[in-house]
Amino acid sequence: MQTRTLYGIMVVLIALLLLSSSLAIYYSYQNQQLASQKNTIQNELQNASSKYSTLASEYNSILSTYNGSVSSFKALALTYSQASASFLSLSKEYNITFSLLVNALSEMNTSEPAYTNASKTLTSLWQEYTTLVAQYKQLSSSFQEILTNFNRENNATLLGNIQPISVSLLTSNILIDFGNGTYHWFNETAIQPGWNFYVATLVVTNGNVVATWYPQYSAHFVTGIDGVFNNNAQGEYWFLWTWNSTSSSWQVASVGADQLMMYNGSIYAWTYCLENITNYMPECTPH
Amino acid sequence: MNTSRTISIIALFTSLVIVTNYALVELPNVKLEDTLVFASAYSFGLKIGAYVAIASELIWGILSPYGFGGIIIPFLVAGELLYVFAGFFASKLWPKPQKGFQYENIFFGALLAICAFVWDTETNIATGLIMMWPHVHLLGLIGYELTGAVFMVFHEVGDFVIGSALAPILILYFSRVFSDSKNAQRIVA
Chain A
1 MQTRTLYGIM VVLIALLLLS SSLAIYYSYQ NQQLASQKNT IQNELQNASS
51 KYSTLASEYN SILSTYNGSV SSFKALALTY SQASASFLSL SKEYNITFSL
101 LVNALSEMNT SEPAYTNASK TLTSLWQEYT TLVAQYKQLS SSFQEILTNF
151 NRENNATLLG NIQPISVSLL TSNILIDFGN GTYHWFNETA IQPGWNFYVA
201 TLVVTNGNVV ATWYPQYSAH FVTGIDGVFN NNAQGEYWFL WTWNSTSSSW
251 QVASVGADQL MMYNGSIYAW TYCLENITNY MPECTPH
Chain B
1 MNTSRTISII ALFTSLVIVT NYALVELPNV KLEDTLVFAS AYSFGLKIGA
51 YVAIASELIW GILSPYGFGG IIIPFLVAGE LLYVFAGFFA SKLWPKPQKG
101 FQYENIFFGA LLAICAFVWD TETNIATGLI MMWPHVHLLG LIGYELTGAV
151 FMVFHEVGDF VIGSALAPIL ILYFSRVFSD SKNAQRIVA
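Residue numbers (the working numbering), protein chains in the order written: chain A, 1 to 287; chain B, 1 to 189.
So here's chain A without its partners, still in its complex pose (with noise of 0.2 Å):
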C-alpha cells in the first residue's frame, strides 16, 4: 500500500473518530440537559407533591373541625328543642294551674283569709311566669341568631327538626288614678286568655285590692285599691271605665270588673273621684 494511501487512511480514521467524538459530546450534553430537567420536573413533583399532603391535611383538619362544629351545633340544637319542649310543657301546666287558681279567685269570698294568700301568689306567680317567658324568648332569639349565622357561614341549611315556640303573650293597659293627681299606667301588661278585669287588677296591685264578693251576681264590689277606699261620707268611690277605640273616649262601663273580659290590646281604667248625686255618674274622667 502506497504511503499516501496509508495517510489517507490515517487521516480518515481520525476524522471519523472526532465525528464520533462530536456526536458523544453533543449526545452527553443532552444527556445531562434531560438528566438536569428530569431532576427539576422531579424536585417540583416533590415540592407539589409535599404541598398536596400539607393541604389535604390542614383539608382533613378543617373539615375535621367543620364536623365537630356540626356535630356541636346538631347537639346544641337538640337542646334546644328539649328546652322548648320542656318550655311548653310547663308553659302548660302554668296555664292550666293559672286557669284553677283565677276561677277559684273570682269566686271566692274575699272575707276568707285563703283570698287574700290566692290573690298575692297570683301575683307573684305570674310574675315568675311572664319573667319566664320572657327568658325564652331570649333563648330562642339567640338560638335563631345562632342558627343563622352556622347556615351563613358554612353554605348550609341546619333547619331539621327545629322547632320554635311563639311565646307571645297577650297585653292589655291599665290606668289606675287615684283621683289626687296621682295615677298610674300598666302599660302592655302581660294577661292571659280568660281573665276579666278584676282578676288583672289584683295581679297589676300585688293583691292589694278590696272586695265584696256577692255570690247572687256572681261579681265583686271594689271598695279599695291599693289602700285608697271608697268614701260613703264623701261621697267618693271607685268607677270603672272602658277606653271606646272609636270615639276615642272614656266610656263608663255599663257591667263590673269580673264582666270585662281582658283581651289583647284592652284598654280600661280606674278612677276615684265624687259621685253625681243625681245620676250616679262619676264626676271625673281618667286621665
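These are computed hints drawn from the structure, not numbers from a lab. If you're wondering where the values come from, they're calculated on a predicted model, not measured in any experiment. Hints should not be assumed to be uniformly reliable.
To be verified - Computed, partial: chain A to chain B, Cβ under 8 Å:
no., residue
1, R4
2, L6
3, Y7
4, G8
5, V12
6, I14
7, S22
8, I25
9, Y26
10, Y29
11, V70
12, G227
13, V228
14, M261
Unchecked claim - Computed spacing ranges between beta-carbons, pair by pair:
no., chain 1, residue 1, chain 2, residue 2, range
15, B, I130, A, N60, 53 to 63 Å
16, A, A35, B, F68, 34 to 44 Å
17, B, I130, A, L6, 22 to 32 Å
18, B, P28, A, Y27, 36 to 46 Å
What the hints assert, rightly or not - Not everything, but these chain B residues come out facing chain A in the computed CB check (under 8 Å):
no., residue
19, L146
20, V150
21, E156
Beta carbons are placed, not taken as given, at the ideal position from N, Cα and C, and that holds for glycine.
Starting from the known structure of chain A, fit chain B onto it as the hints suggest.
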C-alpha cells in the same frame, strides 16, 4: 509578475465564498467556504489560499446576516487558515484527482472534517474567553464547548460530505483551466 491574475483569482474565490455563504445561510454551519479555501490552497498554493481565507472571513465577519462579528473575527480568520494549511499539505501529500469521483476523495473530506473539528473547538473556546473575560475558568469553557456541540456535528459532517464531493471537482477544474499544477502555483505573486 502575474499580479492581476493573482488578484483576480483571489477575488474570484472570495466572491464565490461570500455568495455561497449567503446562499447557505439557512443551514447552520454548512458552507462551501471551507472547501473553496481548501481547493484554492491546494490548487494555487499557501499564499493565495491564505489571501482567500483572510479576505473571505473578514468580509463575512463584517457583512454577515447574523450581524457584525466583532472581537471574534480574528479567531475566525485564524481558524480558516487551518483549511489553507490543510489544502497546501494535501497538495504535497496526494496528487491531484484524475476523476471527479474516486475513493481517494474521502481523504479530502476527512481532512476537511478534522479541520472543522479544530475550527469549532477554537472558536467555541474563543467565544467562552470573550464572554467570561476576565473571569475565565475551565468549567465555563467546557460549558461553551458543550453548548456548541450540535453545531460542531453539522459542520464536520457538512465539510466531510462537501469536501469529498466538491473539493476534487474544483481542484480538477482549476488544474485543467491552468493546464498543469506547476503553472497554477507560479501564479503566486
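Closest C-beta approach of L146 (chain B) to chain A relative to 8 Å, hint status: Holds: closest Cβ of chain A sits about 4 Å from L146 (chain B), inside 8 Å.
Interface hint outcome for E156 (chain B) [beta carbon to chain A under 8 Å]: holds (5 Å)
Agreement of hint I25 (chain A) with chain B interface, Cβ distance less than 8 Å: holds (4 Å)
Per-residue hint verdict: R4 (chain A), partner chain B, C-beta under 8 Å: At 5 Å from the nearest chain B Cβ, R4 (chain A) passes the 8 Å test, so the hint holds.
Chain B contact restraint on Y26 (chain A) - CB to CB distance below 8 Å: Constraint on Y26 (chain A) satisfied, holds at 4 Å.
Outcome of range test on Cβ distance (P28 (chain B), Y27 (chain A); 36 to 46 Å): violated (18 Å)
Restraint satisfaction for V12 (chain A) [CB to CB of chain B, less than 8 Å]: Interface hint status for V12 (chain A): holds (4 Å vs cutoff 8 Å).
Outcome for the supplied range 53 to 63 Å, where the beta carbon pair is I130 (chain B) and N60 (chain A): Hint holds: Cβ distance 58 Å, inside 53 to 63 Å.
Residue hint V70 (chain A), partner chain B, criterion CB-CB below 8 Å: Given a least distance of 61 Å, the restraint on V70 (chain A) is violated.
Interface hint outcome for V228 (chain A) [beta carbon to chain B under 8 Å]: violated (113 Å)
Interface hint status, M261 (chain A) versus chain B (Cβ within 8 Å): violated (106 Å)
Chain B contact restraint for I14 (chain A) - C-beta distance below 8 Å: At about 6 Å, which falls below the 8 Å cut-off, the nearest Cβ of chain B leaves the hint on I14 (chain A) intact, so it holds.
When the structure is compared with the earlier hints, violations turn up for hints 2, 11, 12, 13, 14, 17 and 18 and for no others.
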